[in-house]
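If you read the sequences in order, they're chains A and B. Under our numbering, think of the first position of the first sequence as 1, with each following residue one higher. Under our numbering, think of the first position of the second sequence as 1, with each following residue one higher.
Derived from the structure by calculation, the hints contain no laboratory data. Watch out, some of these pointers could steer you wrong.
Said to hold, decoys possible - Example chain B residues on the side facing chain A (calculated, C-beta under 10 Å, incomplete):
(1) N24
(2) T38
(3) R175
(4) V176
(5) Q184
Backbone N, C-alpha and C define an ideal beta-carbon position, used for all residues, glycine too.
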Amino acid sequence: MKSLFQLYIQQFKTTFATMFQYRASLVIWMIGQVLEPLVYLIVWSTVSNGNGGSIGSYTTGAFVSYFIILMLVNQFTYTWVMFDYEYRIREGYLSFALLKPVHPIHSDIADNIMSKSITLPVLTVIAIILGLAFHAGLTVTPWTAVLFIPGLLLAFALRFLLEWTLAQCAFWTTRVSAINQIYFFLLLFLSGQIAPLSILPHAVQIAAKILPFYWTIGFPTELLLGKVTIEAAFIGIGVQIVWLAIAVLLLRLVWRLGVKAYSAVGQ
Amino acid sequence: MSYFRLVRVFFRVNIVGEVAYRINFFVNIFQSLLALGTALAGMAIIFSFTDSLGGWRPAEILALVGVYVLIGGVIRFAIQPGMAQLIESVRDGTFDFTLTKPEDAQLITSISRFGIWEIINILLGFALLIIALVRLGASIGGLQAIEFLAMLLTGAVIIYSFFLILATLAFWLVRVENILTVFQSMYEAGRWPVTLYPAWLRYGLTFVIPVAFATTVPVEALTNRLNWVTLLVAFILAVVLFAASRVFWKLGLKHYSGTSA
Chain A
1 MKSLFQLYIQ
11 QFKTTFATMF
21 QYRASLVIWM
31 IGQVLEPLVY
41 LIVWSTVSNG
51 NGGSIGSYTT
61 GAFVSYFIIL
71 MLVNQFTYTW
81 VMFDYEYRIR
91 EGYLSFALLK
101 PVHPIHSDIA
111 DNIMSKSITL
121 PVLTVIAIIL
131 GLAFHAGLTV
141 TPWTAVLFIP
151 GLLLAFALRF
161 LLEWTLAQCA
171 FWTTRVSAIN
181 QIYFFLLLFL
191 SGQIAPLSIL
201 PHAVQIAAKI
211 LPFYWTIGFP
221 TELLLGKVTI
231 EAAFIGIGVQ
241 IVWLAIAVLL
251 LRLVWRLGVK
261 AYSAVGQ
Chain B
1 MSYFRLVRVF
11 FRVNIVGEVA
21 YRINFFVNIF
31 QSLLALGTAL
41 AGMAIIFSFT
51 DSLGGWRPAE
61 ILALVGVYVL
71 IGGVIRFAIQ
81 PGMAQLIESV
91 RDGTFDFTLT
101 KPEDAQLITS
111 ISRFGIWEII
121 NILLGFALLI
131 IALVRLGASI
141 GGLQAIEFLA
151 MLLTGAVIIY
161 SFFLILATLA
171 FWLVRVENIL
181 TVFQSMYEAG
191 RWPVTLYPAW
201 LRYGLTFVIP
211 VAFATTVPVE
221 ALTNRLNWVT
231 LLVAFILAVV
241 LFAASRVFWK
251 LGLKHYSGTS
261 A
């Protein structure tokens with residue numbers, strides 16, 4: 001336990017140092033993180049205004065708040081391990097990680113937490129500025145605020161485990177970019193990134209709620225926005241827990257198979 | 001050696017380097033189609049709630065998506081690979097070899113690398129554009145067509161010069177591998193007419209990172225939205241940027257002192 005704690009501290013330091021080394025990349029990356037929800041915010045506000053000020057249960061102001069909160073939730077839950085993993089395997093870096101007495105996922109968790117604690121404050125400031133610029137309206141009731149916290153943390157845990165499992169595809173194929181693209185396609189339409197789920201076609205809504213995508217981004221966003229009833233919020237958190245359990249099992253299984261299939265390439 | 005022969009030789013080298021991986025062809029087709037499907041599905045969702053977006057009809061937005069895919073393909077086919085290669089070769093010193101060649105170094109840099117698979121995107125973008133043109137049909141006159149082609153070309157020159165200026169920074173800063181991605185992340189915003197955006201973003205996408213000239217402006221010409229002022233500004237900007245990028249390149253060359261080798 002103590003060694004695990006030390007590993008986290010060490011990874012925090014390494015990530016911190018790396019991020020300050022690559023400041024410019026960080027800024028460029030964050031521009032992208034802001035721009036995509038911003039574009040959808042503007043497009044949907046335009047459509048909503050042309051439609052008499054609302055679409056479904058979303059007023060123009062609600063669209064603005066939705067996409068700003070979505071930007072923050074997405075920032076909180078996203079990972080980049082599936083872009084990294086193929087490189088680690090191809091170059092043989094995974095071999096070093098396997099020699100360590102702890103599971104390699106721990107250094108990724110620590111890396112993720114540290115970089116978020118640098119990017120999130122910056123993005124929060126941007127979110128506030130955008131909120132003021134686009135006249136976002138947000139009223140948070142105590143119960144949505146309280147339930148939002150477990151909803152958000154579960155969303156992070158779920159997305160992390162799923163995307164870490166997805167990254168394991170690199171054990172079997174080097175064409176991970178195609179697989180990642182399929183994943184992001186599904187994520188875009190089923191997680192609520194392109195539009196709030198409730199205005200999408202019914203079939204898409206059902207698929208989104210059965211699959212895990214919505215529970216990693218859209219659900220916490222709509223929860224904070226007050227678009228989810230209290231019963232639905234509890235059910236949602238239940239679904240998140242079920243998916244989390246499935247994700248843990250899936251990860252263990254895929255990891256075990258992957259390591260067996262792994263033959264170090266590179267150094 | 002003529003310019004075209006050089007291009008042909010480099011192009012062949014690039015093709016030979018890629019066709020060895022035959023399955024890449026199918027993977028790239030799949031990825032291009034998926035990207036296109038994503039854009040079209042997004043469009044379909046939005047137009048299920050409205051007939052026009054900021055005054056743009058679906059067929060006009062379709063033309064914009066076509067130009068977006070087409071120009072995006074051209075950038076990643078002909079512009080970005082050479083510039084990325086330049087940045088890398090300045091850092092590891094292999095740029096020395098480019099300098100020893102008898103042709104102009106900027107020319108060699110610009111045509112030595114091609115993103116072969118982007119031809120798929122160029123074709124897809126072109127096909128989409130044709131579909132949009134058929135739908136727009138009679139509303140396009142001869143003058144608009146000429147303006148459209150002129151603005152496409154102008155946009156390409158602006159983007160090329162912009163990329164060259166960014167890449168030339170490598171002569172001073174050396175470690176600028178990620179600088180080209182700044183364009184890529186902003187280019188996403190070009191899928192919609194920039195006239196939708198608030199002024200600060202619109203100006204940013206026009207004059208700081210010239211995405212608008214590559215996407216919105218040509219389609220504005222096509223759909224008869226362009227005034228002569230924008231046309232003139234685009235043309236002047238293209239000439240000025242092209243000249244400035246050349247001057248900047250020469251300055252950069254003077255500053256270059258082979259780092260390794």
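Hint check, failures only: Violated hints: none; all satisfied.
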